[in-house]
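Visitor: Sequence:
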Amino acid sequence: MKDQNCAYCMEGELVAAFGIKICELETSKVYLFKEQSHPGRVIVAHKKHVSEIVELTPEERAAYMEDIAKVAQAMHELFHPDKVNYGAYGDTGHHLHFHLVPKYKD
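First residue of the sequence shown: 1, per this note's numbering; consecutive thereafter.
A hint or two may mislead.
To be verified - EDC-like, lysine to aspartate or glutamate: derived pairs with alpha carbons at most 16 Å apart:
1) Lys47 / Glu59
2) Lys103 / Glu77
3) Lys2 / Glu55
4) Lys21 / Glu11
5) Lys47 / Glu11
6) Lys47 / Asp82
7) Lys34 / Asp67
8) Lys47 / Asp3
9) Lys2 / Glu35
10) Lys103 / Glu35
11) Lys70 / Glu26
12) Lys34 / Glu13
13) Lys48 / Glu24
14) Lys48 / Glu13
15) Lys47 / Glu66
16) Lys105 / Asp82
17) Lys47 / Glu60
18) Lys48 / Asp67
19) Lys70 / Glu35
20) Lys48 / Glu60
21) Lys47 / Glu77
22) Lys48 / Glu35
23) Lys2 / Asp67
24) Lys48 / Asp3
25) Lys83 / Glu52
26) Lys48 / Glu77
27) Lys21 / Glu55
What the hints assert, rightly or not - Ranges of calculated distance between the beta carbons of each label pair, as one might list FRET restraints:
28) Lys34 / Lys103: 25 to 31 Å
29) Pro39 / Arg61: 14 to 20 Å
30) Glu35 / His76: 17 to 23 Å
31) Pro58 / Asp106: 37 to 43 Å
32) His80 / Ser51: 20 to 26 Å
33) Val54 / Lys2: 27 to 33 Å
34) Met10 / Asp82: 33 to 39 Å
35) Lys2 / Leu32: 18 to 24 Å
36) Leu14 / His76: 26 to 32 Å
Calculated directly from the structure, the hints in this document are not laboratory data.
Backbone N, C-alpha and C fix where the C-beta goes; we use that ideal spot for every residue, glycine too.
Start from the sequences and build out the full structure, keeping to the hints where you can.
Guide: See below:
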């Protein structure tokens with residue numbers, strides 16, 4: 001299911017305003033933030049247009065979390081952050097997505 005007004009579903013100018021699609025995984029699309037105040041910051045958006053993680057089946061949730069873990073692993077290997085913060089707010093874009101924000105001591 002796609003929402004015609006959703007940046008993650010339509011992948012047009014709305015998402016291009018803030019991110020660059022870098023890949024697709026089993027259940028998700030990965031976008032690199034154009035604004036890189038935290039080098040490596042990405043969004044991992046689910047391919048299905050759902051607002052809440054509880055709208056996914058247990059199998060879909062597990063696969064989505066595996067995608068997030070793969071992105072975090074790549075982030076650690078490429079950017080060497082001291083920590084990765086994970087955020088899923090959904091208060092402005094009602095499409096399930098996680099922000100992965102690498103944090104550095106310096």
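Visitor: Now tell me if each hint is right for this structure.
Guide: Status of each hint after checking the structure:
1. Lys47 / Glu59: Answer holds: Lys47 to Glu59 is near 14 Å, not above 16 Å.
2. Lys103 / Glu77: Measuring from Cα to Cα gives roughly 14 Å; hence the hint holds.
3. Lys2 / Glu55: holds (15 Å)
4. Lys21 / Glu11: Holds. Lys21 to Glu11 sits at ~9 Å (cutoff 16 Å).
5. Lys47 / Glu11: holds (11 Å)
6. Lys47 / Asp82: Outside the cut-off at roughly 29 Å; violated.
7. Lys34 / Asp67: violated (21 Å)
8. Lys47 / Asp3: holds (11 Å)
9. Lys2 / Glu35: violated (26 Å)
10. Lys103 / Glu35: Satisfied, since the Cα-Cα distance of roughly 15 Å is no more than 16 Å.
11. Lys70 / Glu26: Distance of about 11 Å is within 16 Å: holds.
12. Lys34 / Glu13: With a Cα-Cα distance of about 13 Å, the restraint between Lys34 and Glu13 holds, given a limit of 16 Å.
13. Lys48 / Glu24: holds (13 Å)
14. Lys48 / Glu13: violated (19 Å)
15. Lys47 / Glu66: Status holds; Cα separation ~14 Å.
16. Lys105 / Asp82: holds (7 Å)
17. Lys47 / Glu60: holds (11 Å)
18. Lys48 / Asp67: OK: Lys48 and Asp67 at ~14 Å, within 16 Å.
19. Lys70 / Glu35: Between Lys70 and Glu35 the Cα gap is close to 22 Å, so the pair fails against 16 Å, i.e. violated.
20. Lys48 / Glu60: holds (10 Å)
21. Lys47 / Glu77: violated (25 Å)
22. Lys48 / Glu35: Outside the cut-off at roughly 25 Å; violated.
23. Lys2 / Asp67: violated (20 Å)
24. Lys48 / Asp3: Given pair Lys48, Asp3 holds - Cα atoms ~10 Å apart, limit 16 Å.
25. Lys83 / Glu52: violated (25 Å)
26. Lys48 / Glu77: Outside the cut-off at roughly 28 Å; violated.
27. Lys21 / Glu55: Given that 16 Å is the threshold and the Cα spacing comes to 24 Å, the pair is violated.
28. Lys34 / Lys103: 25 to 31 Å: Hint violated: Cβ distance 19 Å, outside 25 to 31 Å.
29. Pro39 / Arg61: 14 to 20 Å: violated (29 Å)
30. Glu35 / His76: 17 to 23 Å: holds (21 Å)
31. Pro58 / Asp106: 37 to 43 Å: holds (40 Å)
32. His80 / Ser51: 20 to 26 Å: 34 Å Cβ-Cβ, so the 20 to 26 Å window is violated.
33. Val54 / Lys2: 27 to 33 Å: violated (20 Å)
34. Met10 / Asp82: 33 to 39 Å: holds (36 Å)
35. Lys2 / Leu32: 18 to 24 Å: Given about 22 Å between the Cβ atoms, the range holds.
36. Leu14 / His76: 26 to 32 Å: This hint holds: roughly 30 Å between Cβ atoms.
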